[in-house]
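Protein chains in written order, with our numbering: chain F, 68 to 368; chain V, 267 to 712.
What the hints contain is simulated information worked out from the structure, not anything from laboratory work. By construction, the Cβ of each residue, glycine as well, lies at the ideal position given by its N, Cα and C atoms. Errors might be hidden in some of the hints.
[Said to hold, decoys possible] Just a few of them, taken from the derived set where beta-carbon distance is under 10 angstroms, the chain F residues facing chain V:
no., residue
1, C76
2, H119
3, H348
Each chain is listed here by its residues.
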Amino acid sequence: MTSGFCRACGERVEYPDRYCQKCGVWVPDLRRDRVELDVGVAAGISDRGLRHHRNEDALALREVCQEPADRGVAVAIVCDGVSSSAYPAQASETAAEVAANTLVTALRTDDGPATATREAIHAAGRAVAELAHPGLGGADHTAPACTVVSAIVTLDTVTVGWVGDSRAYWIPQAGTGATPARLTSDDSWLAQVLAAGTLTPAQAATDRRAHAITAWLGQDAGQLNPHIVTIEPKGSGVVVVCTDGLWNYLDSVEELAAALPAQALKAPLDAARSLVEIALHCGGRDNITVAVLPFVTGGPS
Amino acid sequence: MTSTVGFRGAVYQNLYLASGAREVHAVITVDAHADPSAPADTPAPGAAEVLILDCSASMNFPAEKITKAKEAACAAIDELRDGVRFALIAGSNGARMVWPAQRRMVLADPWTRAEAKDALRRLVPGGGTTIGAWLRLAGQLLGEHPAAIRHAILLTDGRNEHEAPEQLSAALAECAGTFSCDCRGAGTDWSVAELRMITSALGGTVDMVLEPAGLAEDFRAMMSTSMRKAIAEVNLRLWTPVGATTRFVKQTAPTLVDLTDRRVDSGPLTGDYPTGSWGSESRDYHLCVELEPGDVGEEKLACRVGFVYSGAEGSAQSVQQEYRHTEPDGRTNNFSSARVRALWTDDLAQSTVINDKVAVVTGRAELAKAVQDGLTAHQDGRSELAADCLSRARKLAEQVNDENLLDRLDQIYDPDTGTFRLHRMSAQEEMRLDIESTKTTLLGRG
């Protein structure tokens, strides 16, 4: 259990209770409520949003140096804790860290990005499953669970892997003529019924199950089948990885591409900030996590 | 004694407060479950029971009254499990031991139960009514067994006429927290307010015995309920932040009991409210705390509620407990204490919402007050005020869907004239209405 200090009266406050034992004021979790990371080749933000009490999203970024290239391989992991499960914040944090570390190790041992991604998601799945133990969180909750989406940007490829409904997009630089694309497809009830064509998008969107995910990491997840996609972009652009806290407000790839600042390629952290700001401005109903990974071709080498 | 009871509860509130608002309301529902691993027919550890029978002269009129009272007491004695300590007290001018003869309690077994019933049958009524003295003797007997789950049953047919009201108040102050007491009134010459004063001070139920024939069953049920209690002297422990004021703490079901004035400070920011002994049962509470207002967007913990009991050497131990909290978006979180929160907002759509469970308990409290105010006004001869109060009660009963009270009010209501036939209400109906006004049904647990 970690602790902090009440900003109102200075009393020591213990997590996870987060209320000052003396004056009752709620003390923010400085470690999770707003996380801004910038590792040069990638940047990202995880934000609690405006409505939720804690941030159950997690973000991990890494740069893997590969001699002789002077630009390292960028790795991003974004996870969204399943709020109806026990300890969703721990699930997402564990998954993000384990996946990122596994990816780094795998990439260093010359595994290709796709193989490394598969290993990383399976390792994260095992780690989240191990968080479960009997009696955890009471009868109302299921075993700890979360989504995962990873992105690896090398000098010539972009590889994404995912389980759940967190997403990755490829947004080419304006003027290159290339079309923005969503690289992932949601493991969700909504995506399933739309694919099956049994309901119209309007009917399905109003169903209370619309947001239910059909695959996740966790003890009760069953056999994991990570989706993995690799593209080889012809020109520069950025990869945007995010949780539904962002895409709920920017559902289509066109909307996202339009919202992304033109400077994203050079200033990924500023781009992530702008996107999070949009989600907060729209109501910030969920936790918001965004990572931006520039893909640079023919740049200064 | 270790706790064999687990509490599961839920917190209901609107956590949003308007800018500058101070008052936070919350309803906390609690369901206690005796440990299923404990054998079901094991007597509660160290239970102690005292039966107090009114033996004043009026109990002889009609003679059936004392006969039925004795039968009821015998039924209660039969319900005592082996190993439970018990004693019988006869009340008149002062209190005297019926069984055993000495001022002490005896373990129940087939022989002592038979002896006690014999002694009971030889009782002859005579003298007056001094309930304070009766309770004080019960308190002395039960005081010898501080570790036991202590309970008394009091049957009377009259008002506390032969001692000063202060003597009863003093006895209640002396006995509060040491035992609970279920009170029963026979006939219509006793005072509902008086017995209610006893049960709200000591914990317990009030009811009226209409049919002497039903008395034995009632006594058996009271004793049986008491035998199933698994944990004694449970306190509701309330934490409030610096600068907060506790406006009230009320039990709202199964009966209305205002616990506010019964607070005993247990720390610089905590206070304990006695809730008596618990078996497998459910209760609801309504709390209101006044806070120093925070800025818009700021959140505070308004109060934290948990239950404690007296463990070894009188130290307070936490009951095993868990409470469900529902976020505005419907998500739930469970914590080992009930947390009531306050979040200041300038969005009126959020702050003006009244939580539906808070609305129901507030309505029920107003309903009880309207009925009692109406009856008091009627007794004082202020029939216009009485009618006003009861009309309001009828509307409230409709709103909170209290079919029992609505039915009783409708019996004296004339829909053609829109008035109440107060003059035609019998003493019995009046007392019944008064008693029923504080009986409530538990809130739904959804």
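Verification of the hints:
1. C76: holds (7 angstroms)
2. H119: holds (8 angstroms)
3. H348: With Cβ-Cβ at 16 angstroms, over 10 angstroms, it is violated.
In this structure, the one hint that does not hold is number 3.
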